[in-house]
Amino acid sequence: MSSAGFDAAARLAAAQAFFRSIPHSGLLGLEVVACEPRVVVARLPYKPELVGNPYTGWLHGGAVVTLVDQTSGAAVIHTLERPDMVATLDLRIDHLRPPQPGRAVLARAECYRVARDIAFVRCLCYEDDPDDPFVSSMSTFMRVSRPRGSVGEGQSA
Amino acid sequence: MKELMELVQEARSAGDCQRLVDLVPYARMLGMKFSVTDKGLLFELPFRKDLVGNYLLPAIHGGVVAAFMEHSALLQILWNQESVVLPKVVDFSIDYLRPARAETTFVNCSVIRQGQRIANVAASAWQGRPENIVATARMHFLLTRQEDDTAR
Chain A
161 MSSAGFDAAA RLAAAQAFFR SIPHSGLLGL EVVACEPRVV VARLPYKPEL
211 VGNPYTGWLH GGAVVTLVDQ TSGAAVIHTL ERPDMVATLD LRIDHLRPPQ
261 PGRAVLARAE CYRVARDIAF VRCLCYEDDP DDPFVSSMST FMRVSRPRGS
311 VGEGQSA
Chain B
5 MKELMELVQE ARSAGDCQRL VDLVPYARML GMKFSVTDKG LLFELPFRKD
55 LVGNYLLPAI HGGVVAAFME HSALLQILWN QESVVLPKVV DFSIDYLRPA
105 RAETTFVNCS VIRQGQRIAN VAASAWQGRP ENIVATARMH FLLTRQEDDT
155 AR
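Sequences listed follow chains A and B, in order.
Counting along the first sequence from 1, when you hit position 67 you're at 227 in this note's numbering, and nothing is skipped either side.
Counting along the second sequence from 1, when you hit position 103 you're at 107 in this note's numbering, and nothing is skipped either side.
A few of these clues could be false.
Covered by chain A, according to a simulated footprint, are these stretches of chain B (three or more residues, beta-carbon under 8 Å) [what the hints assert, rightly or not]: (1) 26-38; (2) 89-98.
DSS-like mimics (lysine-lysine), calculated; alpha carbons at most 27 Å apart, straight line [stated by the list, open to error]: (3) B:37 - A:207; (4) B:53 - B:37; (5) B:53 - A:207.
With the C-beta cut set under 8 Å, the calculated list includes, among others, these residues of chain A facing chain B [to be verified]: (6) 205; (7) 208; (8) 214; (9) 230; (10) 253; (11) 255.
None of these hints come from the bench; they were simulated from the model.
For glycine and all other residues, C-beta sits at the position ideal for the given N, C-alpha and C.
Produce the entire structure from the sequences given, and follow the hints as far as they go.
Structure follows, in structure tokens:
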């Protein structure tokens, strides 16, 4: 990849700065904890205002979608050879089990394919064991800087 | 905490939709609301700067649009009195059609199929007029009681 010379610390710092630049990210308290080519890991803290079920204390599924969407988008950005904006085309999320109440959660997103216009990402969320995820997600992203008119008008990736 | 069905019935008879929104802290944080119209429930998310995901456009965060749609669907099921427990989302799938601009977003939901344990709901989010759809979503909710949680 042409990202040679973009060392690991600089890459992590860039990903963290990207997260900080997103207003809603700050409201939720999202932060990048690891970043390498194709893979980004980010954290969503547990906060009382993010609870979706007051009877159980589970985080709201919607807050988790935001974590997944943003982490997955960042994984695409860190797969591209040149920095580019991306937009989510579609995203599916499966809730495998409830998250553990009171605990921060992590999302690990991997961009496993970048085509000319479209990038494909899978993502898992877990408390601390990546082998025991509570959420699994697949999503596709559009590369914003590609020539317009080719996406969403019947042409495949 | 007050029994959920009792709360729903009180909110319905008082026409107090906000009471149901306020039940869930995250929905209150988003600032969503809903009203009863002749075409069913209309959900509304007023724009706020801290909901922005792309400050260049600017556009509302895709995760916020998804969360708003998911919670609208949940409220629709509750309002229909089709669940005695808070529905649990099983899966959720969203297609983004255009950016959600810095203005109020609306959602309409339809419960496509209501079974004993599962509800299938479709939702569309729009701005300005209902034809200007910014996202469509489909999802399943589990309606079984909390004691059955491990059985998911």
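> Does residue 214 of chain A meet its interface restraint, that is, does its C-beta lie within less than 8 Å of any C-beta in chain B?
Replying inline: holds, 6 Å
>> Tell me if the straight-line CA distance from residue 53 of chain B to residue 207 of chain A falls inside 27 Å.
In response: holds, 20 Å
> Is the interface hint for residue 205 of chain A satisfied, with its Cβ closer than 8 Å to some Cβ of chain B?
Replying inline: With a closest approach of 13 Å, the residue 205 of chain A hint is violated.
>> Quick check on residue 253 of chain A please, does its C-beta sit within 8 Å of some C-beta on chain B?
In response: Holds: closest Cβ of chain B sits about 5 Å from residue 253 of chain A, inside 8 Å.
> Any CB of chain B closer than 8 Å to the CB of residue 230 of chain A?
Replying inline: Status holds, d = 6 Å.
> Hey, does the residue 255 of chain A contact hint survive, CB to chain B under 8 Å?
Replying inline: holds, 6 Å
> Would you say the segment 89-98 of chain B counts as covered by chain A, given the rule of at least 3 residues with C-beta under 8 Å?
Replying inline: holds (count 8)
>> Is the coverage entry for the segment 26-38 of chain B by chain A consistent with the three-residue Cβ rule at 8 Å?
In response: Answer holds; 8 residues pass the 8 Å Cβ test.
> Does the interface hint hold: is residue 208 of chain A within less than 8 Å of chain B, judged Cβ to Cβ?
Replying inline: holds, 6 Å
> Regarding the pair residue 37 of chain B and residue 207 of chain A, is the alpha-carbon distance no greater than 27 Å?
Replying inline: Status holds; Cα separation ~21 Å.
>> With the threshold set at 27 Å, check whether the alpha-carbon distance from residue 53 of chain B to residue 37 of chain B stays at or below it.
In response: Within the cut-off at roughly 17 Å; holds.
The structure fails hint 6 only (numbered hints given earlier).
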